[in-house]
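*Asks:* Listed below are the residues making up each chain.
Number of protein chains: 2
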Amino acid sequence: MKLMIGLAALSLNAFTVSAHDSDGALYSNEFLADVVELRDQALSHPLAYDLTESLTTEVGARLAGSPGDAKAVAWGKAKFESLGFDRVSLEPVTFDRWTRGVETAEVIAPFPHQLAITALGRTLPTAEAGLQGEVIHFSTLADLAAADPDEVEGKITFISNRMERHKDGSGYGKAVDARGTAAQVTAAKGGIAAIIRSIGTDNNRTPHTGAAKYDKTIPSVPAGAISNPDADLLVNMFKRNLPVEIKLKLTSHWDGTYTSHNVIGDILGNELADQFIVIGCHLDSWDLGTGAIDDASGCGITMAAAHLIKQHLGPLKRTIRVVLWANEEYGLSGATAYHEAHKNRMAQHILGGESDFGAGKIYALGTRVANAALPIVNTMAELLKPLGIEYSNNKSSSGADLIPLRAAGMAVFGLKQDGTQYFDYHHTANDTLDKIDRDELAQNVAAWVVVTALAANTLHDFGFDLTDQ
Amino acid sequence: MKLMIGLAALSLNAFTVSAHDSDGALYSNEFLADVVELRDQALSHPLAYDLTESLTTEVGARLAGSPGDAKAVAWGKAKFESLGFDRVSLEPVTFDRWTRGVETAEVIAPFPHQLAITALGRTLPTAEAGLQGEVIHFSTLADLAAADPDEVEGKITFISNRMERHKDGSGYGKAVDARGTAAQVTAAKGGIAAIIRSIGTDNNRTPHTGAAKYDKTIPSVPAGAISNPDADLLVNMFKRNLPVEIKLKLTSHWDGTYTSHNVIGDILGNELADQFIVIGCHLDSWDLGTGAIDDASGCGITMAAAHLIKQHLGPLKRTIRVVLWANEEYGLSGATAYHEAHKNRMAQHILGGESDFGAGKIYALGTRVANAALPIVNTMAELLKPLGIEYSNNKSSSGADLIPLRAAGMAVFGLKQDGTQYFDYHHTANDTLDKIDRDELAQNVAAWVVVTALAANTLHDFGFDLTDQ
Chain G
1 MKLMIGLAAL SLNAFTVSAH DSDGALYSNE FLADVVELRD QALSHPLAYD
51 LTESLTTEVG ARLAGSPGDA KAVAWGKAKF ESLGFDRVSL EPVTFDRWTR
101 GVETAEVIAP FPHQLAITAL GRTLPTAEAG LQGEVIHFST LADLAAADPD
151 EVEGKITFIS NRMERHKDGS GYGKAVDARG TAAQVTAAKG GIAAIIRSIG
201 TDNNRTPHTG AAKYDKTIPS VPAGAISNPD ADLLVNMFKR NLPVEIKLKL
251 TSHWDGTYTS HNVIGDILGN ELADQFIVIG CHLDSWDLGT GAIDDASGCG
301 ITMAAAHLIK QHLGPLKRTI RVVLWANEEY GLSGATAYHE AHKNRMAQHI
351 LGGESDFGAG KIYALGTRVA NAALPIVNTM AELLKPLGIE YSNNKSSSGA
401 DLIPLRAAGM AVFGLKQDGT QYFDYHHTAN DTLDKIDRDE LAQNVAAWVV
451 VTALAANTLH DFGFDLTDQ
Chain Z
1 MKLMIGLAAL SLNAFTVSAH DSDGALYSNE FLADVVELRD QALSHPLAYD
51 LTESLTTEVG ARLAGSPGDA KAVAWGKAKF ESLGFDRVSL EPVTFDRWTR
101 GVETAEVIAP FPHQLAITAL GRTLPTAEAG LQGEVIHFST LADLAAADPD
151 EVEGKITFIS NRMERHKDGS GYGKAVDARG TAAQVTAAKG GIAAIIRSIG
201 TDNNRTPHTG AAKYDKTIPS VPAGAISNPD ADLLVNMFKR NLPVEIKLKL
251 TSHWDGTYTS HNVIGDILGN ELADQFIVIG CHLDSWDLGT GAIDDASGCG
301 ITMAAAHLIK QHLGPLKRTI RVVLWANEEY GLSGATAYHE AHKNRMAQHI
351 LGGESDFGAG KIYALGTRVA NAALPIVNTM AELLKPLGIE YSNNKSSSGA
401 DLIPLRAAGM AVFGLKQDGT QYFDYHHTAN DTLDKIDRDE LAQNVAAWVV
451 VTALAANTLH DFGFDLTDQ
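Order-wise, the sequence lines are chains G and Z.
Per UniProt numbering, the first sequence starts with residue 1, numbered consecutively.
Per UniProt numbering, the second sequence starts with residue 1, numbered consecutively.
Take the hints with a grain of salt, since some may be wrong.
Simulated pairs of lysine-lysine, DSBU-like, Cα-Cα distance not exceeding 30 Å [to be verified]:
(1) K361(Z) / K167(G)
(2) K71(G) / K239(Z)
(3) K155(G) / K213(Z)
(4) K167(Z) / K361(G)
(5) K167(Z) / K361(Z)
(6) K343(Z) / K213(Z)
(7) K77(G) / K239(Z)
(8) K155(G) / K216(G)
(9) K361(G) / K239(Z)
(10) K317(Z) / K385(Z)
(11) K361(G) / K310(G)
(12) K71(Z) / K247(G)
(13) K395(Z) / K361(Z)
(14) K395(Z) / K385(Z)
(15) K71(Z) / K239(G)
(16) K174(G) / K361(G)
(17) K247(Z) / K239(G)
(18) K167(Z) / K167(G)
(19) K361(Z) / K71(G)
It should be emphasised that the hints constitute simulated quantities derived from the structure, not laboratory data.
Put together the whole structure using the sequences plus the hints.
*Replies:* Have a look at this one:
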């Protein structure tokens with residue numbers, strides 16, 4: 001009964017906001033009722049969790065180019081097939097492979113300590129025997145950038161700036177530049193290695209890896225991140241005004257090329273099968289944990305949403321394309337390759353979204369669509385409200401793998417997850433299945449069902465060649 | 001004004017419960033007022049934190065018998081001297097040394113994974129090349145103990161029982177037997193190694209070490225603890241009913257004898273200087289973290305309490321003896337050596353307590369004293385109430401290092417700390433300074449000031465040759 005009242009109100013609303021539609025409503029009441037029913041069933045459906053458990057247990061760590069990469073691709077293909085996707089395809093993605101090696105760091109003076117360190121992705125190795133040097137401490141990347149090269153010459157730099165915790169993860173952008181460029185800035189000033197405080201919000205001895213910028217033409221040095229407790233320890237040593245000396249060994253290195261695959265599962269549309277609603281996740285992970293929140297959960301959410309739509313709503317007008325992107329973590333390789341392969345078919349890519357921010361509860365929907373499509377977005381928002389999700393604005397981005405498509409003008413949406421805990425575990429050995437709450441994960445699926453089904457079951461456009469306002 | 005009302009009430013109470021006292025009251029109002037003033041000053045005094053920071057930064061890990069052990073002894077002696085303790089002494093403690101080696105574990109089948117593992121203290125090594133075998137899963141130690149030896153023969157045992165989280169740490173006692181005897185029980189049934197789920201309440205990839213039982217005359221096997229997320233992973237593999245095979249390398253071993261020291265700082269009494277109120281901590285730590293909550297904080301708390309008493313209250317009637325015990329973690333060596341050295345002077349050991357449960361806020365006082373001393377305990381309890389501390393009962397134990405003294409009949413007290421988070425970090429690489437809250441630590445000092453000062457400034461006995469009821 002409650003459902004019927006909700007639908008009556010919803011139907012009126014949909015009618016109101018789409019008076020220009022041919023039959024007076026964007027969607028039939030029957031279809032909307034089915035979506036609502038599926039949304040609510042999804043809240044207790046185990047599929048997304050089971051998929052996440054399967055990928056993290058049966059494959060585990062899957063650094064791009066590692067044995068886990070090939071296993072993950074085989075896993076994705078097999079899962080799409082067993083879930084009854086209409087068309088499963090592997091699209092090759094070739095990239096330069098970066099491989100982790102030994103990683104150790106110890107304070108030699110003033111007080112010997114073993115540090116928990118991890119190499120930053122894409123950085124250069126130390127010599128096999130390691131290197132040793134005095135450490136110079138900067139509070140921020142800006143302080144390092146402003147430093148006199150004479151002070152940095154021959155030293156190991158250390159940036160101690162700590163990332164802030166925010167629900168929307170906005171602390172990340174403010175802190176992550178140190179990870180990106182500390183090595184290059186250090187090299188430019190004659191330093192011999194760079195150490196940063198992990199870009200993370202936890203107090204665990206599990207340092208956070210992640211990609212540094214890399215360009216063969218720009219000098220760089222070996223770079224690693226130490227855990228937050230170890231960074232605190234170093235800062236406390238510097239307070240004593242004694243020289244701090246560290247021995248560092250990071251043998252990660254570039255190691256030829258590797259061909260992985262974007263794994264694509266399509267649920268074919270029955271009217272516009274060559275128009276795609278592109279959802280998905282990245283299939284690769286860092287190598288320290290089992291990549292549960294980054295990004296097995298995103299795969300579980302989007303694969304489950306598409307599967308449930310097919311099972312319960314049948315074919316919709318457009319094709320739902322789930323892409324498990326290759327090498328997001330240190331290359332954005334799958335995203336780049338897909339855009340290159342499909343750049344002449346961009347107008348067939350109607351709307352896209354990626355789930356790549358863990359498994360926390362979704363609290364907001366954002367979009368970047370043409371204004372003419374906002375009535376559809378309003379309908380999505382109405383159906384998301386009972387999940388505790390508000391509409392934010394029409395200036396949204398989405399996951400990193402959509403950057404090339406979004407840059408080409410594709411309309412995108414973002415279902416914003418609560419990221420309060422996300423950066424406790426992101427890119428660490430702690431990114432494991434136990435960090436995922438089944439109910440929160442299922443709420444994600446319910447939201448993705450709503451947005452995906454409504455986007456796929458309309459003939460309206462969402463806009464092409466969009467640019468940011 | 002508030003203070004005066006409190007004291008008036010307190011004085012009345014003390015008078016009531018000690019009618020047999022020569023002057024009608026256990027303590028002078030002036031002394032009690034001074035204790036209350038010091039208690040309240042202690043709540044914002046940085047000394048305990050500074051000592052904890054110093055020990056963890058300047059010494060860090062200090063496994064008994066390691067280079068950190070000698071550094072810690074030197075640190076303790078120097079700190080007692082700089083804090084103005086009246087008498088500082090080192091008492092030798094000789095023990096068999098156990099040294100950690102390489103520790104790795106990987107699942108070979110059905111799904112390759114690297115596991116986060118740590119050797120259990122005192123266990124035997126694998127061969128240098130490691131060992132490999134099928135794993136047999138038991139939910140509890142009792143299940144392993146009940147197993148048919150034919151099933152265990154030639155296999156690696158795995159106990160997956162998970163420790164419960166409780167404020168009073170009572171989950172530990174229920175879970176820790178697996179750590180103590182899994183290796184011996186496995187050996188008795190022909191198994192080749194034992195793996196347990198860490199005895200801990202966290203979800204970090206930081207496994208918990210800790211001592212297993214060891215006796216040269218009882219067969220044993222190499223034993224390690226895997227982190228909670230890794231234990232979850234193994235359990236999920238077993239759900240698939242596929243054989244699980246693991247390769248294990250744990251080269252920890254026994255390594256001759258070592259002589260460390262109990263470091264003793266005395267604040268001499270002015271009437272009964274040869275009677276001791278024995279407080280303290282253990283100076284050694286496990287080697288994975290910097291031993292902040294186990295037990296640098298206990299050293300900070302008790303050293304600070306004694307120092308503040310001397311500074312602000314002057315000499316009291318009895319001697320306050322702060323003992324930094326040697327090798328608590330895998331030997332109870334300092335405690336045993338002290339009892340052996342002082343066993344003919346047990347009657348001079350009036351009351352003892354050890355701070356060895358982290359740095360959480362104290363919520364209860366327990367004692368084991370003669371009934372005649374309960375009026376003094378009541379006075380302590382009155383002064384502890386404003387700190388949020390209730391009296392529990394007269395059947396208390398105290399820290400592990402007091403076991404030999406308590407067994408010899410010494411009266412003891414326990415200031416019970418909130419241990420809700422303690423077993424997230426206990427015996428792991430995560431036992432570092434950032435786990436300590438300054439305000440909670442200072443509340444500990446305030447409580448230790450009260451109990452220690454009142455115990456030291458009376459001529460009453462607390463009972464000798466006590467036994468548990």
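*Asks:* Are the Cα positions of K71(Z) and K239(G) separated by 30 Å at most?
*Replies:* holds, 21 Å
*Asks:* Given the hint that K361(G) pairs with K239(Z), does the C-alpha gap stay at or below 30 Å?
*Replies:* Holds - the C-alpha atoms of K239(Z) and K361(G) are around 28 Å apart, at most 30 Å.
*Asks:* Can the restraint linking K155(G) and K216(G) be considered satisfied, given a maximum Cα separation of 30 Å?
*Replies:* Judged against 30 Å, a Cα distance of about 22 Å means the pair holds.
*Asks:* Would the hint linking K361(G) and K310(G) be met if the CA-CA limit is 30 Å?
*Replies:* Holds, at roughly 24 Å.
*Asks:* For K361(Z) and K71(G), compute the direct alpha-carbon distance and say whether it is at most 30 Å.
*Replies:* Judged against 30 Å, a Cα distance of about 49 Å means the pair is violated.
*Asks:* For a C-alpha distance cap of 30 Å, please report whether K71(Z) and K247(G) respect it.
*Replies:* holds, 21 Å
*Asks:* Please verify whether K361(Z) and K167(G) have alpha carbons no more than 30 Å apart.
*Replies:* holds, 29 Å
*Asks:* Does K167(Z) pair with K167(G) here, judged by a C-alpha cut-off of 30 Å?
*Replies:* Holds, at about 29 Å.
*Asks:* For the pair supplied as a hint, K395(Z) and K361(Z), is the alpha-carbon distance within the 30 Å limit?
*Replies:* holds, 21 Å
*Asks:* Is K343(Z) within 30 Å of K213(Z), Cα to Cα?
*Replies:* holds, 26 Å
*Asks:* Mind checking the alpha carbons of K395(Z) and K385(Z) for me, to see if they're no more than 30 Å apart?
*Replies:* holds, 20 Å
*Asks:* Hint check: K174(G) vs K361(G), CA-CA at most 30 Å. Holds or violated?
*Replies:* Roughly 23 Å between the alpha carbons, so the hint for K174(G) and K361(G) holds.
Consistency note: the structure conflicts with the earlier hints numbered 3, 17 and 19.
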